[in-house]
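Participant: Given chain A, work out where chain B should sit, using these hints.
Protein chains: 2
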Amino acid sequence: MTDAPSLFAPRDEARAESGTTLMPKFDRDGLVTAIVQDAGSGEILMVAHMNAEALARTIATGEGWFWSRSRKAMWRKGESSGNTLAVRELRIDCDQDAVILKASIAGDGAACHTGYRSCFYRTVPVGAAPTPGLALSFDPAMPRPGAAHGH
Amino acid sequence: MTDAPSLFAPRDEARAESGTTLMPKFDRDGLVTAIVQDAGSGEILMVAHMNAEALARTIATGEGWFWSRSRKAMWRKGESSGNTLAVRELRIDCDQDAVILKASIAGDGAACHTGYRSCFYRTVPVGAAPTPGLALSFDPAMPRPGAAHGH
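If you read the sequences in order, they're chains A and B.
Once you know that position 36 of the first sequence is 36 in this note's numbering, the rest is easy, because the numbers rise by one and skip nothing.
Once you know that position 104 of the second sequence is 104 in this note's numbering, the rest is easy, because the numbers rise by one and skip nothing.
Everything labelled a hint here was simulated from the structure, so no lab data went into it.
It cannot be assumed that every hint is accurate.
Note that the list lumps identical chains together, so a pair holds whenever it fits in one copy or between two copies.
Result set (DSS-like, lysine-lysine): computed pairs, CA atoms no more than 27 Å apart in a straight line [stated by the list, open to error]:
id, residue 1, residue 2
1, Lys-72, Lys-102
2, Lys-25, Lys-72
3, Lys-102, Lys-25
Here the structure is a predicted model, which means the values were calculated and not measured.
Looking at chain A on its own, in the form it has when it is part of the complex:
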């Protein structure tokens, strides 16, 4: 991989939304938001971040590469669990600061490190002002294929 500045075209605000040139809008930490969506069902599996190199590797390989803000390191989804991503389609939004990976997930299919299929295994009640004790509900229908091996 070459230096991040040479991987993509420079930003051109006038063309970012209406044009056909990839010119990602990295934030001050050098990241864009990346959403992983099941290519078949449309279920949102996880949200993570990509720096320029992670985005470039994802484009080049069709696998899911991300940047861990907590570990300050690149990671390939599934490198430890085997639950790698096969990107079927990659989309970018209007101002080019977020991407969707429509992907199939290998292995046991758990996208979340907790073992749940999706990281979004809890719901928030809507319709009344929140209080500090607001209770979430676990989705009883959320599969947890990775529970046995605890990744």
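Facilitator: Just chain B, lined up with the frame of chain A:
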């Protein structure tokens, strides 16, 4: 609305992922990521951010409230276009720094300010290393119900 610190429970890293208490992990700008997904089709419509008050208002009202990083202001989705959100389900992820609004969108149904139904109206080619001239493709099947009035 009261001050943000009193809206939600304080963070408790040991319980954030496995517990049933809402304790959002706001970043250093005080924001979480918010994904709007069509409640019917599962299509991802837009990605935005919420501060504590936007999240609280969304929970309280069942509409979509966000924080604009560029304008540094709260906004209610649809306040100018009429394309308000009716949140059918709100989900939060494992570490509580991202939410999904499964919503129905009113008005002409354009979630993107460009007039497209979804902000993700362009695809990125996958399978070869990117170059600075990498061309995006407009999705010819993406509806643009808001094109006529240019919001």
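Participant: With 27 Å as the alpha-carbon cut-off, assign the pair Lys-72 and Lys-102 to within, between, both or neither.
Facilitator: Only inside one copy: Lys-72 and Lys-102 sit 25 Å apart there, 31 Å across copies, limit 27 Å.
Participant: Pop the pair Lys-25 and Lys-72 into one bin, within, between, both or neither, using alpha-carbon distances up to 27 Å.
Facilitator: Both: 20 Å inside a copy, 18 Å across copies.
Participant: For Lys-102 vs Lys-25, is the C-alpha pair at or below 27 Å within one copy, between two copies, both, or neither?
Facilitator: both (20 Å within a copy, 26 Å between copies)
The structure is consistent with each of the numbered hints, conforming to all of them.
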